[in-house]
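**Student:** Sequence:
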Amino acid sequence: MTAKKLEVQMVEWTGKPAYQQVAEQLRGRIAAGEFAESGKLPSLADLQATYGVTVTVARDAIRQLKTDGLVVSHQGKGAFLTAAASDSARLVGPEVAIAELREQVARLQSEVVELRERVVELEEK
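According to my numbering, the sequence shown is numbered sequentially starting from 1.
Please note that the accuracy of each hint is not assured.
Below 30 Å or equal to it, Euclidean Cα-Cα: the simulated DSS-like pairs (lysine-lysine) are [said to hold, decoys possible]:
#, residue 1, residue 2
1, Lys66, Lys77
2, Lys40, Lys66
3, Lys40, Lys16
These are calculated hints, taken from the structure and not from any lab test.
Using the sequences provided together with the hints, build the complete structure.
**Tutor:** Laid out in structure tokens, this is it:
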């Protein structure tokens with residue numbers, strides 16, 4: 001299988017490790033259904049070629065996806081999607097996490113305003 005070269009740039013100055021960046025890219029591709037037909041992720045060699053990373057980075061990216069419950073791997077055979085990988089990839093994607101955090105912050109800000117108002121009311125009594 002020949003690796004398809006993607007235009008991927010690892011943004012190292014963000015402080016995010018390369019394996020996390022590769023895992024996020026793969027998570028996005030899983031969510032888009034790119035591997036749905038075969039159920040198999042690219043080999044470590046293909047990931048190296050596609051993303052321009054070391055085998056250690058590629059292996060750690062797969063390990064992260066395993067931790068997230070998106071893939072299972074079998075030594076000598078590769079990494080394969082779990083049954084719910086596509087849905088799970090959408091749920092744990094960074095964009096979703098950021099949106100959820102923003103909602104939580106907005107709720108907390110609202111609660112803080114309410115608490116301040118209550119404190120003022122109690123102090124006035």
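**Student:** Please work out if Lys66 and Lys77 have their alpha carbons no farther apart than 30 Å.
**Tutor:** It holds: about 15 Å lies between the C-alpha atoms, which stays within 30 Å.
**Student:** Lys40 and Lys16 were given as a pair; does the straight-line alpha-carbon distance stay at or below 30 Å?
**Tutor:** With Cα atoms ~26 Å apart, Lys40 and Lys16 stay inside 30 Å; holds.
**Student:** Could you grab the alpha-carbon distance between Lys40 and Lys66 and see if it respects the 30 Å cut-off?
**Tutor:** holds, 13 Å
Every hint, counting from the list given before, is met by this structure.
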